[in-house]
Structure formats: structure tokens, C-alpha cells
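For chain G, the structure is supplied; the task is to place chain U on it using the hints.
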Amino acid sequence: MAINWFKYSAPTTFYGLAGKLIPWFAISAAILFAIGLYIGFVVAPMDAQQGEFYRIIFIHVPASMMSMFLYMIMAGYAALGLIFNTRLSAMMASAIAPTGALFALISLWTGALWGKPMWGAWWMWDARMTSELILLFLYLGFIALHASIDDPRRADRAAALLAIIGSVNVPIIYFSVKWWNTLHQGATIKFSGTSMHVAMQQAMFTMLLACWLYAIAVVLTRVRSIILERERNTTWITELPEMKR
Amino acid sequence: MIGLDIWMRENPLTYVWFGSYAVAMLIFAVEIAMVVHKRKITLQQVRLMREAGEEE
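Each protein sequence line maps, in turn, to chains G and U. For the first sequence, the positions run 50 to 294 when this note's numbering is used. For the second sequence, the positions run 15 to 70 when this note's numbering is used.
Next comes chain G alone, as it looks inside the complex (with noise of 0.2 Å):
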């Protein structure tokens, strides 16, 4: 049976599936959050330079990581709706932007407290931490443009052209630690193999996957609510059920 996708590219149809799958992403979440704190307390062993401190690696590292991914999703979306003038696309979007913008913060605010015991400074100016709090501040840039303008349409081409240059920023963050020498390590996770524990290994991997189903379920809470606000004089959102309670 092949399934038509475009047919959840339009609002009608995605609000409804959005609203079946939240579910699932969020108690998947929680439970991979569970196991992923247990691996990475009782099961991953102390690291011999740092200590306990390392453990901070399965919060700081998903959430960096998720910072870009969802500043590359968002562009993309962004950049959808510019070219192809998609209702949706922009709506996600802006239902994405918030969410990136915490995990930008999340991993600052880790990324300092993991500094503080190992480098002795809450903040340098380190290229990947410099980098990361543009992103932090191109998440917020986008957000309050979006919320200047009145008109929604003009709202979202305005912020997508925002976010698409500044994604620019992402490459920058991921290649710093090549292109200057920073307080950050290189790579630990490549390709060709690791040189991390197995159940560390584990534990980061968990968190990152419990970070993307935790974000993806609330991003679609999100979107419903934008789809709501946006579609309020269409006649199929006076039909949905939960109108008429």
C-alpha cells in the first residue's frame, strides 16, 4: 500500500497525525531519559583524567548536538516555505525555534559548569563556544523577528531569510575545532571507530535519541497550537472535535 506523504504537507491533515504521534514521542522520551541517566550514572564507569565531571558529557554533547540539528531542520523548513510558499513548513519552523534555542542554552549552561572543574573558567572565548552562543543568539533573532511583525506570511519570509543565512553558523560550530586551536577536544565519535567505553558510549547515544523525542514531541505540541491560531476562520477547525466540547 503506498502512502501518499504530501497528503501531511497540508495543515488539515498533519494537525490530526501530529496529534496521534505526540504520545508515543513522549513517553519514548521519558523512558529512554530513564535509561540513558541510569547507563550514564550506575553502569558508565569513572573516567580516569576527569574524574565524575565527565559524566556532564550525556546532557552537554545531546544538547550541542541537538542545537544544530534543529537549526538545520529549521532552515530547511524555513527555506521550504520561502521557495515553495508552504503553509506548514514555516509553521514548523517557528515551532522549532523555541526548542532550539533551550538546547542551545542547555548546552552553555552545561558546557560552563563542565569548564569550571576542568579549564577553571566558567567561559572562554573558545571558537566553539563563541560559535554556539551566536547560535543561541540567531535562535533568539529569529523568534523576535517572527513576533515583530504583525502579518504572519511577511513574518515568515522575514525570519527565513534570517535563519537561512545564519546557518551558516552550524558548519562553523562543528569545524572549529579543526580550523582553530580550541580548548575543545576534536571528534571523539568518528566514522572509523571511537575510543569512548562501550557503556558511555551507550549512555550519550540514549540521551541524544531521548533528546530527539522529547524534542520532536514538543514541537508538534507546538505546531498544533501555531496550526490552531493560523487556520482559526477555516471551517475544518470548527469541525475537530475538541471545538465542540
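The set of hints was computed from the structure by calculation and includes no laboratory data. Virtual Cβ for every residue (Gly too), placed ideally from N, Cα, C.
Here are the computed lysine to aspartate or glutamate pairs in the EDC-like style, where the Cα-Cα straight-line distance is at most 16 Å:
1. K69(G) to E291(G)
2. K52(U) to E278(G)
3. K54(U) to E291(G)
4. K52(U) to E291(G)
5. K293(G) to E65(U)
6. K165(G) to D19(U)
7. K165(G) to D175(G)
8. K165(G) to E101(G)
9. K165(G) to E24(U)
10. K54(U) to E278(G)
11. K227(G) to D175(G)
Simulated coverage check for chain U against chain G, where a stretch passes if three residues somewhere in it have a Cβ under 8 Å from a Cβ of chain G:
12. 22 to 35
13. 39 to 45
14. 49 to 61
Just a few of them, taken from the derived set where beta-carbon distance is under 10 Å, the chain G residues facing chain U:
15. E101
16. T159
17. A266
18. N282
Relative to chain G, chain U alone:
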């Protein structure tokens, strides 16, 4: 600051847990509360607009 340095080295797990994980969980909890609240408010607004439209 010196006191904090000594404390974090004596209690690394407490520092890691409360400083990073508890803060991250708090941020997630606040975000969840915000999206749930936003949904409730939006539904309420759309219902009110619909009722106002029906009365006209």
C-alpha cells in the same frame, strides 16, 4: 568562589547532577508547561471566537 571550588571537588556527583541534569530537566519541564498552556489558551481563544461568530 574558592569555597565553591572546594565544594565541587568534594561533591562532584552532586555538582554534576544538580548543576547540569536538574537544570536541564527544569528547562524541559518549563518548556512542556509552556506548550501545554499555549495549547489550552489557543483552544480557548478559538472557541470564544467561534461562539462570538455564531452569536452574530
